[in-house]
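Undergrad: The task is simple: from the sequences and hints, build the whole structure.
2 protein chains.
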Amino acid sequence: MMKKRLFTPGPISVPEEVLLEMAKPIIHHRTPEFLEIAKQVVEDLKYFFQTKNDVFIIAGSGTAAMEAAVVNVLSPGEKALVISGGKFGERFVEILKAYQCNPIVIEPGWGNPVNIEEIEKLLQQNPDIKAVFATLVETSTGTSYDIEGIGKVVGKYPDRIFIVDAISGLGSVPCKTDQWNIDIVVSGSQKALSLPPGLSFISVSQKAWNIINTSSMPKYYLDLKKYKKSMEKFDFPFTMAVSLVSGLKKSLEKIKQDGIENLWNIHKKRAEAVRKAAIAMGLKIFSKSPSDAVTAIVLPEGIDGEKFCSDMRKQFGMSVAGGQDKLKGKVIRISHFGYQDEFDTIAVIAGIEIMLKKYGYKVELSSGVREAMNILFS
Amino acid sequence: MMKKRLFTPGPISVPEEVLLEMAKPIIHHRTPEFLEIAKQVVEDLKYFFQTKNDVFIIAGSGTAAMEAAVVNVLSPGEKALVISGGKFGERFVEILKAYQCNPIVIEPGWGNPVNIEEIEKLLQQNPDIKAVFATLVETSTGTSYDIEGIGKVVGKYPDRIFIVDAISGLGSVPCKTDQWNIDIVVSGSQKALSLPPGLSFISVSQKAWNIINTSSMPKYYLDLKKYKKSMEKFDFPFTMAVSLVSGLKKSLEKIKQDGIENLWNIHKKRAEAVRKAAIAMGLKIFSKSPSDAVTAIVLPEGIDGEKFCSDMRKQFGMSVAGGQDKLKGKVIRISHFGYQDEFDTIAVIAGIEIMLKKYGYKVELSSGVREAMNILFS
Chain A
286 MMKKRLFTPG PISVPEEVLL EMAKPIIHHR TPEFLEIAKQ VVEDLKYFFQ TKNDVFIIAG
346 SGTAAMEAAV VNVLSPGEKA LVISGGKFGE RFVEILKAYQ CNPIVIEPGW GNPVNIEEIE
406 KLLQQNPDIK AVFATLVETS TGTSYDIEGI GKVVGKYPDR IFIVDAISGL GSVPCKTDQW
466 NIDIVVSGSQ KALSLPPGLS FISVSQKAWN IINTSSMPKY YLDLKKYKKS MEKFDFPFTM
526 AVSLVSGLKK SLEKIKQDGI ENLWNIHKKR AEAVRKAAIA MGLKIFSKSP SDAVTAIVLP
586 EGIDGEKFCS DMRKQFGMSV AGGQDKLKGK VIRISHFGYQ DEFDTIAVIA GIEIMLKKYG
646 YKVELSSGVR EAMNILFS
Chain B
286 MMKKRLFTPG PISVPEEVLL EMAKPIIHHR TPEFLEIAKQ VVEDLKYFFQ TKNDVFIIAG
346 SGTAAMEAAV VNVLSPGEKA LVISGGKFGE RFVEILKAYQ CNPIVIEPGW GNPVNIEEIE
406 KLLQQNPDIK AVFATLVETS TGTSYDIEGI GKVVGKYPDR IFIVDAISGL GSVPCKTDQW
466 NIDIVVSGSQ KALSLPPGLS FISVSQKAWN IINTSSMPKY YLDLKKYKKS MEKFDFPFTM
526 AVSLVSGLKK SLEKIKQDGI ENLWNIHKKR AEAVRKAAIA MGLKIFSKSP SDAVTAIVLP
586 EGIDGEKFCS DMRKQFGMSV AGGQDKLKGK VIRISHFGYQ DEFDTIAVIA GIEIMLKKYG
646 YKVELSSGVR EAMNILFS
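These protein sequences, in sequence, are chains A and B.
So for the first sequence, our numbering puts the first residue at 286; every next one is plus one.
So for the second sequence, our numbering puts the first residue at 286; every next one is plus one.
These aren't lab readings, by the way, just hints derived from the structure by calculation.
Keep in mind that a hint or two might mislead.
What the hints assert, rightly or not - Only pairs whose alpha carbons sit at most 16 Å apart, straight line, appear in this in silico EDC-like list of lysine to aspartate or glutamate:
1) B:573 to B:431
2) B:534 to B:318
3) A:510 to B:379
4) A:289 to B:318
TA: The following block contains the structure:
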């Protein structure tokens, strides 16, 4: 028997009580019973998003909600500013290009923070930029961006909106949608909400609606106006993934009960523990602005990251993620969200230590674990 | 305690063993373990679709797969023929219009079969029609269409493809994708597969690929070329709804084991039982070409269908669907797919009899049940 532990940045492990909630008999999505669930879920999602704006649920992956943010806001040929610091920043650029939009791309370099002044300058130079796209936490590099700072800049313009991909970050790190002037926030179920993948979410401000009402981009399944109309009756325009929504209800209840600040703190401690442990082992953190949602650790020269991850899974039952694209084989990525506790954090650090030793890398066993224990239980 | 029974045309009840399969710990979607699941599921889906063509899984509702069929095949301004006999035929028209296509619409009238000669004539008159869209079973009316017959006509043209929305019908009634020249078949999880909603499916023939490769329609999440490329490694372009796919594996295994002909026969018996029972109660079947997937029964004059459904749910725990759009309040719709057996069929008929009596309609109790029993156990 090998116990399985998921430290991948989505999908993650789901609490047993949530799994069993979703295993309950199916409720039809157009019944008073489900309407009550939808009502509560949407209210609790607003708390999770820290917003008074509309929040909608889409049956689909996070990318579906990212696409919704593009196709509802822009029209073909229109200009958008994208901060692209990794694979998911690039995804916004790809979607914009697929829809014949004109993205101006700021590339701070993978793992680097973004220069807010550059954003300000580009907005001044290009009065036709309609929206600014950024990422709360770039999953491919484990980098956090100064969303609050960007929000201050974009918020000065009454006719330009700020769109944030918070798929990985939401719930793990602070994201104060209304306070930070974020008009559209996109997220997904398989991260800090500790749910299986299959649902995505999108919040929409009144400022965003004003622009959405002028968009001529073709859309149907992702047409947010349809969602808004149905949501007036706590209904959905298309058959909703009801079992996942039942799980969502349970997950949001727990978050609301504990308080979202508590969730942020838990992630902060776990992430700090992993970072300090990695440094104690003599390793480096890839990002210059590391997030508390995902940590990318640079492996020592000569160790094949793909094989390392495969061995972690085969020998220890632990799933950690490898690098993507230009980081393939070079880093391992550990998520701090999902159903895991302090002892799981210690377990994954111990697993990395033992595996590094097996690979012939000089590491004093427990050197990382010791650091982590001090942080986790301080 | 009130036992719940779902006879809605999706979502439906899910077998307990499938619910528990989905409640198992989450597997990451890019692991050898999940790759094996994906491999088997895709092979079994081909059996379910009766095809050797590609079959892809999309995380999303059936409408997402319908939209995929439109945006991958057509380019803006192009002409398509749509057979629209109800709410879901109309949906194809709406999607085509949303994407600036030019739909020629055949409207046989709700509940009426389609005239194949009319299709043939329109195809001859309009050499620029690129695709023909039809519905296997129109859920809003419980009507089956002669898909085999339409396939014979469209199959004569090497450059025109045949697209079928089989969301409600697939698995309930025969749909021989390859034998009937259907180039694209669309389906969903919450029908004859007895799964929760959240997954949709699409099969694509080589003839369809030839057209897809020329489409200039903007798309990203629903871009089938991305799915094809990923599926070469039994992977998905976007995070897959892994728990639903685990349920799908279980469901398809059972269907393959029993044989799909057996599944068709079960639906045929259930549907016939309900139709004959309704007639024995003095009621009428709405459709002139009734399907074995969903039955729409016309309620006696003066009975409010919405209230009737609500009372069935409140008093007997039975969810049957009301009418949609122009049939609102006039019919009740009963699905024959999902996790239900012969005794559930008897139960819903008994429930309708008792409710009709409560509403003051003259019905001899068990008159419908008797007919049903004779058919179900013959």
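Undergrad: Decide, hint by hint, whether the structure agrees.
TA: Here's how the hints hold up against the structure:
Under the criterion of a C-alpha separation no larger than 16 Å, the hint pairing residue 573 (chain B) with residue 431 (chain B) is consistent with the structure, at around 13 Å. Distance check on the hinted pair: residue 534 (chain B) and residue 318 (chain B) sit about 13 Å apart at the alpha-carbon level, within 16 Å; holds. The hinted pair formed by residue 510 (chain A) and residue 379 (chain B) meets the criterion: a straight-line CA distance of about 14 Å does not exceed 16 Å. Taken as a hint, the residue 289 (chain A) and residue 318 (chain B) pair is honoured in the structure, with Cα atoms around 12 Å apart against an allowance of 16 Å.
The earlier numbered hints are all upheld by this structure, with none contradicted.
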